[in-house]
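Read top to bottom, the protein sequences are chains A and B.
So the first sequence is numbered by my numbering: it starts at 1 and just counts up by one.
So the second sequence is numbered by my numbering: it starts at 1 and just counts up by one.
None of these hints come from the bench; they were simulated from the model.
A couple of the hints might just be wrong.
Unchecked claim - Mimicking SDA-like on lysine to any residue, the simulated pairs with C-alpha atoms at most 20 Å apart in a straight line are:
1. B/Lys145 - B/Thr64
2. A/Lys239 - B/Tyr35
3. A/Lys151 - A/Gly293
4. A/Lys239 - B/Gly32
5. A/Lys151 - A/Lys26
6. A/Lys114 - A/Ala224
7. A/Lys239 - B/Ala28
8. A/Lys114 - A/Val319
9. A/Lys290 - A/Leu349
10. B/Lys148 - B/Thr58
11. A/Lys290 - A/Leu310
12. A/Lys239 - B/Lys145
13. A/Lys239 - B/Gly29
14. A/Lys239 - B/Leu25
15. A/Lys290 - A/Val208
16. A/Lys26 - A/His277
17. A/Lys26 - A/Val208
18. B/Lys93 - B/Val151
What the hints assert, rightly or not - Over 10 Å on every C-beta distance to chain A, these chain B residues come out as not near it, computed from the model:
19. Ala30
20. Pro42
21. Ile43
22. Arg45
23. Leu47
24. Ala48
25. Glu52
26. Leu77
27. Glu92
28. Glu113
29. Val136
30. Pro141
31. Lys142
This structure is a prediction, so every number in the text was calculated from the model and none was measured.
Backbone N, C-alpha and C fix where the C-beta goes; we use that ideal spot for every residue, glycine too.
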Amino acid sequence: MSTKAIYDWVDERLGLTELVAFALHKTVPVHSQSFWYYWGGISLFLFLVQCFTGVLLLVYYRPGAEAYESVRQITFVMHFGWLIRSAHAWSASLMIFSIFVHMFSVYFMKAYRKPREFGWLSGMALLGVASVFGFSGYLLPMDELSYFATKVGLQIPAAIPFVGEAIANMLRGGPDVSEFTVQRFFALHVVVLPAIFLPLLGFHLWLVQRHGNAAPPSVEALPATERKSEPFMPNFLRKDLAMWLISLNVLALLASVFPWSLGKPFDPLAPAPLGIHPEWYFMSPFEMLKLLGMVKWLQGEAGEIVGILLFTLGIALWVLIPFYDTKKESGQRARAAHYFGLIAVFLLLTTTIIGYWTIR
Amino acid sequence: MSEATNLPTNIVEDPGERNSRRAFLIAAGAAGLAYTAALAYPIYRYLASPEEMAMEATAVTEVTLKDAQKLPLGAVLMFKFGSSPALLIHHEKGEWVAMTAVCTHLGCTVQYEPQADRIHCACHGGVYNPYTGANVSGPPPKPLKLYKVAVTDAGVNVSRA
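If we strip away everything but chain A, and leave its shape as in the complex, we get (with noise of 0.2 Å):
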C-alpha cells in the first residue's frame, strides 16, 4: 500500500483534509502588540512540562505518613530526582506567571468581547484550577514550610460564616493539618484537578480556533486594507514553537541553577519558622488580608470576613467583566474598566511587594 492509499483511508474516516485545509487558513494578526500572543501558547507548554514532570515524579513519591521521606528520597538518593523536582516546582511558578500575563493581555486587550465571553471565563475558571494545583501541590513535600503555609492557607476557607470550619475540616481530613490532609491533597492533585482542568483547557483550545485571536480595539478601528495578518502555519507556529523553547531554557536554567530547597520535616509540635510566607501568586491576598487586620475596627475575625467579601466582590467583577464592558466603542464603561484592570495590577503589584519587604 502507497502512503498516499493509506492517507485516503484514514481521511474518509476522520476527515484529516478538512483539518489540513482548516490549518492552512488559519491567521493571526500582526501588529505593534502581537507579542503578547505568545503567552497563552507559553501557559499551554508549561503545563505540559508539568504534567511531564508530574508523571516522573508520581514514580516514586509516596503520599500519607512517608511522603516526607520519599520526596527526601527522589531530591538525594535518586540521579537528577533534584532537577526533575525543581524542573516540576519551578515550571508551576512560571506558569502561573505566564497566565498572569496573558489574562492582564487579553483584559487590556479587550479580547474578552464578544464573541470570545466563555474564552475569558473558561480562562478565569482554568486560572482558578491552577491556582488550587499550585496549592495543593505545596503541601506534598511535608516539610516545615509547606506544612505552615498550608495551616495558614486553610484558614481562609475556615473564616466563611457559619459553613468555614465544616469545609475546611474536609478540607484538612481533620481538626488539623496531618498524614490525612497531604493523602487527599495528593488525591487532589493528580487525579481531581487533572480529570477538572483538561476538559476545560480543550474547550478553552477550542474556543480560540472557533473565534481565532481578537486584535485590540485600536487595530480593528482599522479599514480592512490596513490590517495585517500571517498565515499560522508555517509562521506563526514557527515562533511560537521558538517560544516553547525559549521557555523551555528558561526553565532549565532556573530549575539547575537554583534547585527547590527541602527544608525539615514538618513536626505538628514546632513553632512557625521565621519568615514564613506563601507562594508569591499567593502572596498578594494573604498580605491584604494582614493590611485589613491592622485596621483598628476590623482587627480578629471581623477583618476576615470582610476581606473575603471583599475578594469575593473583587473577583467577581473581574470574572463579569465581559457582560458590563461590551460595546465595540471605546466609551464611558470602556474607560472604567480599563481604570478598573489598572487598580487590580497596581494592587497584585503593591500588595506583593510590601509582603516581601516586611518578610525581613
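Assemble chain B onto chain A, guided by the hints.
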C-alpha cells in the same frame, strides 16, 4: 516529475549556497540531537536509579546474619543476599547450608520442606537437593548456587563461594 523538466535550466542553484545550506542543516540537526540527549539523559538516569541501586546491592560478597547460630535443627531462615532472597538451612544432622532461593527456571522464590527433605518451587514444581542445591526433578535447568557458611558465637557469616 514533469514540472522539474519544464524549469528553465539557467536557474541553477549556486553550489556554494547549496553547500552552506547543507552545512546549516547538519549543524541544526546535530544541535537538535544534542539538545534532546541533554534532556533525555537525566530522565533516563532518574528512572534507572533503583536498578543501579540493585546493581550495587548485588555487588555484596558477604552477609552476617546476627544470632542466626541459634537457628534450631531442621529449621530454615530466609534472608536477603544483596538484593535477592536466599536460604540458610540448619539440617537435622547439624550441617549448615546456604544457597540462593531464586529458582533457576523462571525466577520464583523456592522453599525448604523439612518433612520431604527437599527444596521445592511452587510455581512449576521444580525440586532441588537441600544439601547440594542440585536440580533433582521438574523444569529447572541448573542447580541453585551454594554460599560459604561460617558459624560464630555472634551469628552466621554467609559469603560468595
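Okay, the hints, checked on the actual structure:
no.	hint	result
1	B/Lys145 - B/Thr64	holds, 18 Å
2	A/Lys239 - B/Tyr35	holds, 19 Å
3	A/Lys151 - A/Gly293	holds, 18 Å
4	A/Lys239 - B/Gly32	holds, 17 Å
5	A/Lys151 - A/Lys26	violated, 48 Å
6	A/Lys114 - A/Ala224	holds, 19 Å
7	A/Lys239 - B/Ala28	holds, 17 Å
8	A/Lys114 - A/Val319	holds, 15 Å
9	A/Lys290 - A/Leu349	holds, 15 Å
10	B/Lys148 - B/Thr58	holds, 16 Å
11	A/Lys290 - A/Leu310	holds, 13 Å
12	A/Lys239 - B/Lys145	violated, 62 Å
13	A/Lys239 - B/Gly29	holds, 18 Å
14	A/Lys239 - B/Leu25	holds, 19 Å
15	A/Lys290 - A/Val208	violated, 39 Å
16	A/Lys26 - A/His277	violated, 45 Å
17	A/Lys26 - A/Val208	holds, 11 Å
18	B/Lys93 - B/Val151	holds, 15 Å
19	Ala30	holds, 16 Å
20	Pro42	violated, 4 Å
21	Ile43	violated, 7 Å
22	Arg45	violated, 4 Å
23	Leu47	violated, 7 Å
24	Ala48	violated, 7 Å
25	Glu52	violated, 7 Å
26	Leu77	holds, 28 Å
27	Glu92	holds, 43 Å
28	Glu113	holds, 37 Å
29	Val136	holds, 42 Å
30	Pro141	holds, 35 Å
31	Lys142	holds, 34 Å
When the structure is compared with the earlier hints, violations turn up for hints 5, 12, 15, 16, 20, 21, 22, 23, 24 and 25 and for no others.
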